[in-house]
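Asker: Here the protein sequences line up with chains A and B, keeping their order.
Number 255 marks the last residue of the first sequence (our numbering); no jumps.
Number 1095 marks the last residue of the second sequence (our numbering); no jumps.
Treat the hints with caution; some may be incorrect.
Think about it this way: if two alpha-carbon atoms lie no more than 27 Å apart in a straight line, the pair counts; the simulated DSS-like pairs of lysine-lysine are [what the hints assert, rightly or not]:
no., chain 1, residue 1, chain 2, residue 2
1, A, Lys132, A, Lys203
2, A, Lys199, A, Lys135
3, A, Lys164, B, Lys1005
4, A, Lys199, A, Lys164
5, A, Lys135, B, Lys1022
6, A, Lys164, A, Lys203
It is worth saying that the hints were derived from the structure and are not from the lab.
These numbers were taken from a predicted model, which means no experiment stands behind them.
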Amino acid sequence: MNDDDSKQATLAYALRLGDDSLVLGQRISEWVSNAPFLEEDIACGNVALDYIGRARLYYGYAAELAADGRDEDDFAYLRSAREFRNYLIYELPRGDFAFTQVRQLLVDLFNTGYLAALAGSRDATLAAIAAKAIKETRYHLRRSREWVLRLGDGTGESHRRTQKALDDLWGYTHELFEPDALELRLAAAGTGVDTAALKPEWKRALAAVLNEATLSLPADDWAVRGGRTGYHTENLGHLLTQLQSIHRAYPGCRW
Amino acid sequence: MSQEKLELFEVFIRSRRGLDHKHVGSLHAQDHEQALEYARDCYTRRSEGVSIWVVRSRDICASQEEDSESFFDPSDDKPYRLATYYKLPDPVDNM
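Start from the sequences and build out the full structure, keeping to the hints where you can.
Answerer: Given below as structure tokens:
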């Protein structure tokens, strides 16, 4: 890979990570003023802000690599759904509270392994972002793990809803561990993360929590893929419509 | 989840090393672990602290208004318990 290729690949990679963070951050922020009670409302807002902050760092780095005048706002607000490369699991509607916390558990465990690996990247900026983000993610995991334990091993209804959320989400977890050519190339260069290598530990840690929460690991009988190639569920368009509306109506507006 | 099923906790934050924990407010949570996390989320998000204590409000034993007379009034006429009551010899400059 020559320097320019490598720069383009890192730019695409940073955008993917920025998209993951922005889309999930937006989803979690939907709980603000809707959470079950005040303390949880503030806690959800904090998690959402951690992700939005992370998106800014990745997009800021992408802008630096692009060096064509685009800035973080251009990446966040002026691209269409087909141009977003986030994993599908992040764009699914927030669902009920059990769905939100089960999704968090799945992705917090994933990100714990991912960011630990990325923190050792040869790319100093990506490594620095990961080193900052993993502290946040360890806290997020503490929350989502405890919520899944509470809900899974709670009342009959909370158990049923939590298991259903897990079943409904399961098919979206597979693509997390299926790196494409670009990701494998960057992993081989010591810049990116080979997510396939993270799966055994992810599954082991997840099984331990589910077991304690009296939940069962779903069967691997269906999978939906496409986030990294820009083929999204219908939910992303709706999410972006809301996320981008102000910027598109008042380009460059500030307050 | 309804708030009635949650318990009330009091939150104490140590803002810097070397200082005391100070009462900053209260919150609802299901248990100590969750209370600690909510305290982190509600009371330290602008870097207010380096250590948190939480305690169930019902575990705090508080003096009552009607205790005031017997508890606090007796010290009103005992100024000799204050350092300022004593006249220091001049050589003891600043104390």
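Asker: Against this structure, judge whether each hint is valid.
Answerer: Evaluation of the provided hints:
Between the alpha carbons of A/Lys132 and A/Lys203 the distance comes to roughly 24 Å, so the proposed pair stays at or under 27 Å and holds. The straight-line distance between the Cα atoms of A/Lys199 and A/Lys135 is roughly 21 Å, inside the 27 Å bound, and the hint therefore holds. Note on A/Lys164 and B/Lys1005: the hinted pairing holds, with a Cα-Cα distance of about 24 Å set against a maximum of 27 Å. Of the supplied pair hints, the one linking A/Lys199 and A/Lys164 holds, its CA atoms being roughly 22 Å apart against a limit of 27 Å.
Restraint check for A/Lys135 and B/Lys1022: satisfied, since their Cα atoms lie roughly 26 Å apart, inside the 27 Å limit. Of the pairs offered as hints, the one joining A/Lys164 and A/Lys203 holds, with about 18 Å between alpha carbons and a cut-off of 27 Å not exceeded.
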